[in-house]
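Asker: Chains as they are written, first to last, in the working numbering: chain A, 119 to 317; chain B, 120 to 368.
To be clear, the hints were calculated from the coordinates, so they are not data collected in a lab. In this text the structure is predicted, and so the values were computed from the model without any measurement. One or more of the hints may lead you astray.
Stated by the list, open to error - Some chain A residues well away from chain B (every beta-carbon gap over 12 Å; in silico):
(1) Ala132
(2) Val133
(3) Pro152
(4) Gly226
(5) Gln228
(6) Gly243
(7) Ile284
(8) Leu309
Said to hold, decoys possible - Dumping the calculated DMTMM-like pairs for lysine to aspartate or glutamate here, alpha-carbon to alpha-carbon at most 20 Å:
(9) Lys223(B) to Glu311(A)
(10) Lys231(B) to Glu286(A)
(11) Lys290(A) to Asp175(B)
(12) Lys223(B) to Glu286(A)
(13) Lys223(B) to Glu288(A)
(14) Lys223(B) to Glu276(A)
(15) Lys229(A) to Asp140(A)
(16) Lys185(A) to Asp140(A)
(17) Lys290(A) to Glu212(B)
Virtual Cβ for every residue (Gly too), placed ideally from N, Cα, C.
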Amino acid sequence: MTASPEVFVVGRDAVPSAVRLDGGESLRWTFVVPPGQSCELCVEVDLEGPGCEVDIAGVYLCKSDEKVGIRVLVRHDSGSCVSRQLFKGIVGGRAVAEFDGLIYVKEGAQKTKAYQENHTILLSGEARAESRPQLEIYADDVECSHGATTGYLDPAQEFYMRSRGIPEAEAKQLQMLAFVAPVLSRLPEALQEEIKALI
Amino acid sequence: MSDLLLEIKGLHAGIAGKEILKGIDLSVRRGEIHAVMGPNGAGKSTLSAVLTGRPDYQVTAGTVTFAGRNLLEMAPEERAWAGMFMSFQYPVEIPGVSITNFMKAAINARRKAQGLPEMKPAEFLKLMKEKMALVQMKGEFARREVNVGFSGGEKKRNEIFQMAMLEPVFSILDETDSGLDVDALKIVADGVNSLRSPERSGIVITHYQRLLQLIVPDVVHVLKDGRIVRTGGIELVDQIENEGYDSIA
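Just need the whole structure built from these sequences, with the hints factored in.
Answerer: This is the structure in structure tokens:
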């Protein structure tokens with residue numbers, strides 16, 4: 119395993135499904151689900167040796183009637199590993215997005231640090247997003263957290279921008295770009311620009 | 120060009136079905152600064168919300184003419200393009216959007232609406248630097264996210280900075296003095312005063328007299344329970360300071 123960052127555009131790149139890390143290995147993966155792409159993305163990472171570092175992020179952009187499922191399982195079988203997950207979604211039209219994230223910490227996998235976040239913005243009343251972050255922890259000396267939010271674009275921000283002359287559509291776009299920026303910033307610049315143009 | 124920039128006639132407006140403005144008449148000529156004073160709940164912020172087109176407020180009667188146009192038919196961004204600006208009482212935080220990108224978007228949107236090309240980057244940076252100096256903001260300010268983590272004083276200075284960048288012909292200062300210490304108040308007032316000109320007008324909305332000692336208005340209106348109950352000169356400010364709003368019926 120290498121620590122070099124890898125980016126996967128669903129529908130364009132071959133997407134990894136399962137990987138095992140031995141002691142001291144690391145990975146940094148970023149997934150992009152572009153508009154128009156329905157998918158069932160399953161990622162399983164097993165940390166089998168101590169001192170691993172895992173950093174997984176993803177962004178999903180659903181605008182019409184996509185069905186996107188993202189299932190992530192990070193298994194801390196060995197102690198002293200760090201895992202981070204950050205998934206952000208923008209869901210509009212009649213699209214349905216589901217996120218299942220499970221952090222499993224095996225008995226004896228002490229000094230584990232595991233974090234998971236999933237945030238979604240809904241653009242329409244008919245769009246649906248479900249988030250099921252789960253922690254399953256069988257060790258007692260660990261630091262784990264998970265968080266999930268689902269909301270709409272903030273009308274106060276939109277009005278503030280419009281009052282400065284930024285048109286409604288552009289104000290919404292700026293808000294969306296800001297929302298996904300923590301994930302987009304992980305992509306190569308050309309791909310960033312390509313994805314920005316799709317938002 | 121008419122001397123009259125803003126003309127409000129018989130304006131009734133409210134929010135969530137509750138009438139707050141109950142017939143406002145107010146005219147502002149070019150070059151004039153008007154103060155709108157009043158106790159809490161008088162309708163001061165509703166007036167600024169209606170003038171800037173906040174979508175959650177409803178106008179139920181009356182007209183507002185701005186530079187010869189029907190203001191009430193214009194979208195908030197169209198009002199900005201026509202030269203209207205409001206310094207928000209509670210400036211909104213926009214995480215992830217830098218001051219630079221925010222101002223670039225605002226300036227270029229108006230230029231686009233006016234059929235002008237985007238402002239050249241060098242020209243934009245020069246303008247940013249000049250206007251930041253006006254409100255004593257340091258260089259790193261340009262990279263900060265809009266209002267995120269700003270102190271109360273920084274937020275209000277940011278409002279005046281934006282006003283200076285956009286060079287509006289009509290500015291509404293909505294309780295810009297609230298939550299400001301003396302030094303910040305002075306910076307804000309100096310910024311506003313430096314923008315005064317015979318072509319520019321504004322409304323200063325405030326509860327207190329202290330901002331009006333620094334930004335001296337030409338006309339003073341007292342708003343109570345959704346109506347302007349008195350219009351006069353600066354002497355009204357002193358009367359309110361000494362005798363309170365109850366002294367004005």
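Asker: With reference to the structure, classify each hint as holding or not holding.
Answerer: How the hints compare with the structure:
1. Ala132: Per Cβ check, Ala132(A) is outside 12 Å of chain B; nearest 31 Å; holds.
2. Val133: holds (27 Å)
3. Pro152: Fine: 20 Å to the nearest Cβ keeps Pro152(A) off the interface.
4. Gly226: holds (40 Å)
5. Gln228: About 35 Å separates Gln228(A) from the closest Cβ of chain B, which puts it past 12 Å; holds.
6. Gly243: Nearest chain B Cβ is 17 Å from Gly243(A), so the label holds.
7. Ile284: Since the minimum Cβ distance to chain B is about 5 Å, Ile284(A) lies within 12 Å and the statement is violated.
8. Leu309: holds (19 Å)
9. Lys223(B) to Glu311(A): With Cα atoms ~18 Å apart, Lys223(B) and Glu311(A) stay inside 20 Å; holds.
10. Lys231(B) to Glu286(A): Holds - the C-alpha atoms of Glu286(A) and Lys231(B) are around 14 Å apart, at most 20 Å.
11. Lys290(A) to Asp175(B): This hinted pair holds, its Cα atoms lying about 17 Å apart.
12. Lys223(B) to Glu286(A): Holds - the C-alpha atoms of Glu286(A) and Lys223(B) are around 16 Å apart, at most 20 Å.
13. Lys223(B) to Glu288(A): holds (12 Å)
14. Lys223(B) to Glu276(A): holds (16 Å)
15. Lys229(A) to Asp140(A): Holds: Lys229(A) and Asp140(A) sit about 16 Å apart, inside 20 Å.
16. Lys185(A) to Asp140(A): Violated - the C-alpha atoms of Asp140(A) and Lys185(A) are around 34 Å apart, more than 20 Å.
17. Lys290(A) to Glu212(B): Given pair Lys290(A), Glu212(B) holds - Cα atoms ~15 Å apart, limit 20 Å.
Of the numbered hints stated above, those contradicted by the structure are hints 7, 16, listed in ascending order.
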